[in-house]
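A.B. asks: Here are the chains, one letter per residue:
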Amino acid sequence: MDYKDYIKWERMPTTWCPGCAIGTIFKQTAFALADLGLPAEELTVVSGIGCSGRAAGYFNVDSVHATHGRAIPVAEGIKRANPRLKVIVFSGDGDLVGIGGNHLLHAGRRDIDLAVICVNNGIYGMTGGQMAPTTPAGEKTLTSPHGSAYAPLNIQGIITSNRRHWFARASTFHVAHLQRVIREAVERPGFAFVEVMAFCIENFGRRLGFKSGHEMLTTLKTGYKLRPGTEGLLGDGELGVVKHDS
Amino acid sequence: MDPPGHRGTEMPKPSKPIDAHIAWTADYCKHCSTCITICPVKNLEFKDDEMTSLGKCTQCLLCMKYCPDFAIEVEAKKK
Ligand SMILES: Cc1ncc(C[n+]2csc(CCOP(=O)(O)OP(=O)(O)O)c2C)c(N)n1
Ligand code: SF4
Ligand code: SF4
Ligand SMILES: [Mg+2]
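Line by line, the protein sequences give chains A and B.
Per the working numbering, the first sequence starts with residue 381, numbered consecutively.
Per the working numbering, the second sequence starts with residue 187, numbered consecutively.
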């Protein structure tokens, strides 16, 4: 299969701002699907609401643009009704770990067979750049003009608190690794969560003084390294996979 | 019936070759300059809003991998 088979071309260009990380993650997902050679008839993508949540409508497969925070339960329903389908959830941090956090807890606990791709730009991008549960401590946003007073939610901790788990952290800069872990997540039977470190230039970066998306992309290059080996949890600034299958 | 995979959607808008290996699609490009910055040999440049190649492309494919908008395609090296 060609990655071009997985895109709804008549909907291009996307609504994403110039240089937004989501486009690169969307493209790497299409590359991963092409590598796996999955026929469109065996695939479904579900998104919630947000800029990242737009993705469901751009994949050339049957898809659902669910209500805010509800991508995971809708995806679980699809999987249970038709277990033959590979069901992918592609959505934002605010959608999946903010308003949808409770669904994440329980789908993870029950190890439901879904691949979740979470675009973590640390912000509610679509609504103007409000602080999210993933906003780094001290970061200035629209609703935390003096810097966020809270530590961000530990997504890795939530997922890996389940006995059986599969968690990956990837970044928009490290594209080869990103593509590989998306592929592994889709292949894993069970709940697979990919946290993709991303950025929002227009509603987050500009407020912090960044001039362009690629300037923010560079911070991912310097801020994140691939972890050597597969032992234990990922440290801050480390990318890789943490899993336990029995 | 539609061929498998396409389901009746159009294929990409026509792209324009900007050198022997690179094609650029004006209809998709948002002028973010990610490709220009990511290119390790500084091969890409905008001239009056048109993408141009300086003829130094090594076919590393990085611009293609990072472009968030499917606006630049590079032919892979022949093995
Ligand atoms: C029930 C409900 N509450 C609030 C909103 C407003 N809303 C739309 S998108 C969004 C946040 C999306 O953030 P995220 O998932 O991180 O996506 P991003 O835009 O950053 O990619 C919010 C709060 C809504 N649409 N529905
Ligand atoms: S508002 Fe932010 S997250 Fe949304 S498309 Fe623009 S840059 Fe991307
Ligand atoms: S990365 Fe893509 S959208 Fe951005 S300037 Fe280059 S070709 Fe255009
Ligand atoms: Mg977000």
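Careful: at least some of the hints might be erroneous.
[To be verified] Among chain B residues calculated to face chain A with C-beta under 8 Å, some are:
#1 Pro200
#2 Ser201
#3 Lys202
#4 Ile204
#5 His207
#6 Ala212
#7 Tyr214
#8 His217
#9 Cys218
#10 Ser219
#11 Cys243
#12 Cys246
#13 Lys251
#14 Asp255
To be clear, the hints were calculated from the coordinates, so they are not data collected in a lab.
Quick caveat: nothing in here was measured; it's all calculated off a predicted structure.
By construction, the Cβ of each residue, glycine as well, lies at the ideal position given by its N, Cα and C atoms.
A.B. asks: With a cut-off of 8 Å, does the beta carbon of Tyr214/B approach a beta carbon of chain A closely enough for the hint to hold?
C.D. replies: Status holds, d = 5 Å.
A.B. asks: Interface hint check: Ser219/B, Cβ to nearest Cβ on chain A, cutoff 8 Å. Holds or violated?
C.D. replies: holds, 6 Å
A.B. asks: For the restraint on Cys218/B, tell me whether the closest CB of chain A is nearer than 8 Å.
C.D. replies: holds, 3 Å
A.B. asks: Hint validation: Asp255/B versus chain A, beta carbon distance must be below 8 Å. Holds or violated?
C.D. replies: holds, 6 Å
A.B. asks: Does the closest beta carbon of chain A sit nearer than 8 Å to the beta carbon of His207/B?
C.D. replies: violated, 18 Å
A.B. asks: Verify the interface restraint on His217/B: the C-beta must sit less than 8 Å from at least one C-beta of chain A.
C.D. replies: holds, 6 Å
A.B. asks: Mind checking the CB of Cys243/B against every CB in chain A and telling me if the closest is under 8 Å?
C.D. replies: violated, 18 Å
A.B. asks: Using Cβ atoms only, decide whether Ala212/B comes closer than 8 Å to chain A, and label the hint accordingly.
C.D. replies: For Ala212/B, the interface hint is violated, since the closest Cβ of chain A sits about 11 Å away, which is over 8 Å.
A.B. asks: Taking 8 Å as the limit, does the beta-carbon of Pro200/B come near enough to a beta-carbon in chain A?
C.D. replies: It is violated, given that the least Cβ distance between Pro200/B and chain A is near 12 Å, above 8 Å.
A.B. asks: Does the closest beta carbon of chain A sit nearer than 8 Å to the beta carbon of Lys202/B?
C.D. replies: violated, 16 Å
A.B. asks: Are Cys246/B and chain A close enough, Cβ to Cβ, to be under 8 Å, as the hint says?
C.D. replies: violated, 12 Å
A.B. asks: Grab the minimum C-beta distance from Ser201/B to chain A and call the hint holds if it beats 8 Å, violated otherwise.
C.D. replies: violated, 12 Å
In this structure, the hints that do not hold are numbers 1, 2, 3, 4, 5, 6, 11 and 12, in rising order.
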